[in-house]
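Order-wise, the sequence lines are chains A and B.
Counting in the UniProt record's numbering, the first sequence runs from 1 upward without gaps.
Counting in the UniProt record's numbering, the second sequence runs from 1 upward without gaps.
If you're looking for bench data, these hints aren't it; they were derived computationally from the structure.
From a predicted model like this one, the values you see are computed outputs, not experimental measurements.
Think of the CB as a built atom: it goes at the ideal place given N, C-alpha and C, for glycine as much as any other residue.
Watch out, some of these pointers could steer you wrong.
[As the list claims (entries may be wrong)] Cβ-Cβ distance ranges computed for the label pairs, FRET-style:
#, chain 1, residue 1, chain 2, residue 2, range
1, A, S193, B, A90, 56 to 62 Å
2, A, R153, B, Q361, 31 to 37 Å
3, A, G192, B, K134, 42 to 48 Å
4, A, D256, B, Q361, 24 to 30 Å
[What the hints assert, rightly or not] Distance condition first, Cα-Cα at most 25 Å in a straight line; then the derived DSS-like pairs of lysine-lysine:
#, chain 1, residue 1, chain 2, residue 2
5, B, K377, A, K268
6, B, K377, A, K246
7, A, K295, B, K141
8, B, K387, A, K268
9, B, K377, A, K73
10, A, K74, B, K387
11, A, K295, B, K134
12, B, K363, B, K377
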Amino acid sequence: MRIFSVSHKTAFVVDHCPYMAESSRQLIECDMLTKSRSQGVIPLAPVSKSLWTCAIECSMEYCRILYDVYPTKKLVNYIVSDSEVHILNSWKQENQNTQELMTALAAVGPPNPRQDPECCSVLHGLVAAVESLCKITEYQHESRTTLMDTADRVANRGRIICLTNAKSDTHVRMLEDCVLETIQEQNKRAAGSDRLMPIQQCELVLVHIYPQGEETLVSDRQKKELSSVLSSEVHSVRAGRYLAGKLNVLVQQHFDLASTTITNIPMKEEQHANTSANYDVELLHHRDAHIEFIKSGDLHMAGSTSRDSGLKETVTLKWCTPRTNSVELHYCTGAYRISPVDVNSRPSSCLTNFLLNGRSVLLEQPRKSGSKVISHMLSSHGGEIFLHVLNSTRSTLEDPPSISEGCGGRVTDYRITDFGEFMRENRLTPFPESMVDAACRTPVERAKFQLERHTRYWPMIISQTTIFNMQAVVPLANLIVKDTLTDEDVLTCQKTVYNLVDMERKSDPLPISTAGSRGKGPKRDEQYRIMWNELETLVKAHVGTSERHQRVLDCISACRSKPPEEEERKKRGRKREDKRTKEREDKEDKTEKNGKDTEEKGWTTDSERLKGVMEREKDEQSECEIIKDSPDSPEPLNKKPRLATEEQQPPEKSKGPVSLLTLWTNRITQANSRKHQEFAGRLSSVNSKAELYQHLKEENGMDVHENGKATR
Amino acid sequence: MPTVVLLDSSLSMTRPVSVEGSEEFQRKNLAVHGLTMLFEHMATNYRLEFTSLVAFSSLWELLVPFSRDYNTLQEALNNLEDYDKTCLEAALQGVSNVVQQEWGTSCPCQVVLVTDGALGIGRGSLRHSLQTVKQRVDDKKFPLPFPFPSKLYVMCIANAEELQATDSMDNLEQLINLNGGEGQIYTMEGPLCLKSVQSMFGKLIDQAYSPFHAVLRCGNLTSDVQVFPRPEPVTIDEEVDPIPKTVQTEGDEIGTGATDDTEEETSTNQMAGKSPNFCVLLHGSLKVEGMVALVQLGPDWFGMLYSQADSKKKSNLMMSLFDPGSEPLPWLGRMSQLGPASDAAENPYGEDDSKSPFPIQPKHKRSYAQNVTVWIKASGLQTDVQKILRNAKKLPEKTQTFYKELNRLRKAALAFGFWELLKSVAELLERECTLLPDSAHPDAAFQLSHAAQQLKLASSGDSKYAVFEQNITPMLTDFSGGGGADRI
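Taking the hints into account, I'd like the entire structure generated from these sequences.
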């Protein structure tokens, strides 16, 4: 597993000298007579490719396979050589695709047979290739910069594939010597440069191409070390399909590829749509996809030899007709990109289109006997097809303990749905490289930061929470976790709070868990106290985020019925309360009148009127209150006649243990009968939205500012 | 990582240990004592490990196949019999077979060899095996290195001095080297007694069988977890980055993705089952929603969490580790570039959850996803020419496709320097023009001769007509009724 191995850089040097214009003498009949053609037409002469055309299309095929299997980090520099050097692309990743190379090749055109052969040579190209190998790639650069002190770990190796027509073995030796000399020269130069690196290892692959029907003048030679840096091999190949086969074998050797033939692919016949025949498709991929076969030594058992080239091996796997809508998860131990050997043949394109359309195909090892063993799966992700290796033996993950046997496994009221919602809100999405926020956080850091915010107060079980069981809290709970709040958001939060206040005033029941407590659970006012406390906890967790978050907390503190201590006092004091009511009312009346300022004028009158209603109510309720309250309640220790602000009084009263219905009916009746005029006046003075807050004004005088805003 | 315990039950293991004291121990008793300790440890702290027991002398026998039932293993250990001489090679071959049959060759295994360090004499001895290791034919290869990833731990019921007196130590070291250096030799310190055997096995337990405790963290929600099988360190590139990457014990959960694990030694069993645990919550929601969570295991190392159910409907939270690196799954893109969907200008999942930003499409399509032209086989070229001719016969209706196919061929021919083909196709089209029936639309003849002429010009290599990017466009004719005026 080395990124900077010899295959990191491949320099193609293709001979563009006049002799490459020679015909390969492989004839292709392109005037195929069809049945409908009238008799007597003389077919056109077959065409034949030049050595150049053969070299180009085979090298393009090499690149096609390479780019399919390794879209990044395996780079090609394409060089054409005649009387001068044409460098068709660079090591840059953005230049690595066949379309760009094809465009550049079209600009070069075929060799000119009339060019002076004396001044043309492939040597120019080889020299340029060595120079190019010394150039640092963006990956090498990146690694060197990140490694700093240990930058010397980044190696510079490469391969030169030279497609030429050599004169003789001596000529080949001359080419090799030239490469060796150039490497030595260039290494000296590179030692003193930042953008260049000396070549540590270079593989020279010389492919001698000669026309069909001719004897070769150059002999094949196995790989040989010419020096510690340079090794060289010579392949003497006839043009045409032999050359294609050779380069196919080479690309497999150079990039650790292996071949799999998918057999038994059922395909509809073009002519007879109702029949289907079985086809084979050969794919290339990294050989690790066969690791299981290689290691267990049954590569031969699983496979046969490829039809196209007698030399290389292919593993044959059988197509399993996919079950529809199967969403089975398999133990996948690896996924490898593929490239079809025969990319535009009909069976290949049928298979690849099937996969690109989102289907998957399981592949089975052909066995003469025994049960069927599924070892691989073909499937595409984002327009790329991968061969997935599935575990076909026993798995060590079998029979895992159930999660319910572990910690927390017996708790049954997890907020599963809520957390599902939480997960959906925290889903990830790719961001472009350039997008960094103000604090220079990468998107993934922002994601973690968001998780942190969203979980500051997140009870895991239903019985631990009240507010998250209340639909009414949702708008606030969703907003308060945000990093920034708008004024509108704050307003929504405030509305949520007012709504809760209203609920409390109406003594709406709360979804408080009664689990664990005997009887009916806590009393209504106690429930609201718990609810308010929890809401405060939630908002307090976010109060540091911004000033607007603080405003939400301020609103809660202002609106909630009682601070806890007062609640405590109130509880103890309730018994006495009624007796003192009258007295207190008087006092309060005075205080109120004294403390009244211009702003308050508008609503005090209203509340005074309401107070009248309340007082009457209280008189009616006082008796049952005494009965209901615990007789064990201790006397208040030193209950000071406090300067209670009147806005707290009505809710206190309304929370008396009278049934909601009674209370409401009484209120409505009284209000309707006695204060009818006033009601009408109120309605006319504010718009319909403000009607909700009208009560608030009465109950929570301090909120007059907030209220004003709401109506604005 | 399944474990094979390979226990030496040769006669030499019955040699008594000289101790001052009441009871007399054999080396075998010490070995059994040590293994009992190992099994007890596994039964309590490592209970998902599959272990098998193989005894060997000149032959080998699988006493207990891979199992999580440590009582059975213990029982087999207690009923161990004594046999003849030590013959390690055959036994290692046996281990190799047993493992491959059960787990294949990709599952990493740990082999614990327990021996007294007397490794046999003459043929079949380890010394003899190692001397001949280079002269093997293919089907008689030495079993090391094992075909599966492995660690070989040698537990010597002997002390180092004793082993160094003979060549035993050298041979054992050579054995580890043959296994690619994967493994370790443990010897006893001080006198051979129960205490020292305990300390030796204790070291093995610390090294190879310590449970992996971690903390799963999702913002402020955390849970102590044990990960099994233990994630082992990985070396990505031995040249550029030779230090193995280890999984950090702190995991961060990132949205549809992630959790980190942090090392903390908290006893997790105190409140067994009753107190709410984040893992259970996460598992439940992942299962219900059919989602996976990304988990970060270290810098540039990620994995995913999901609910995995077995055939018996028992499900658990499973963590799959991706290859270390910044882009382990190409269709997710760079992991560091995954951010909260709520930060995006538009909800990438759509308002009604109908969309997904994944998979990410690569910048360049793969060859099989684009209409590439390959003429390596004659049939490829013939098909392309046929397509043009077929469309030529249906002019002017098929003008668009005719020119599309024609331009595809033209481009490839120009890139491959195959001008001869252009000439040939031009001739074909000219002939097609002469063969047009009388009933043919007049536009057909114009288009055919226009196309033929353009191909001929291109085949001249004239820079004006042979521009790769430039397409042949249909000829503008007066026959507005046909498709002739259509632009491509």
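Results for each hint:
no., hint, verdict
1, A/S193 - B/A90: 56 to 62 Å, "59 Å, holds"
2, A/R153 - B/Q361: 31 to 37 Å, "34 Å, holds"
3, A/G192 - B/K134: 42 to 48 Å, "45 Å, holds"
4, A/D256 - B/Q361: 24 to 30 Å, "26 Å, holds"
5, B/K377 - A/K268, "23 Å, holds"
6, B/K377 - A/K246, "14 Å, holds"
7, A/K295 - B/K141, "13 Å, holds"
8, B/K387 - A/K268, "20 Å, holds"
9, B/K377 - A/K73, "30 Å, violated"
10, A/K74 - B/K387, "35 Å, violated"
11, A/K295 - B/K134, "20 Å, holds"
12, B/K363 - B/K377, "29 Å, violated"
In this structure, the earlier hints numbered 9, 10, 12 are contradicted, and the remaining ones agree with it.
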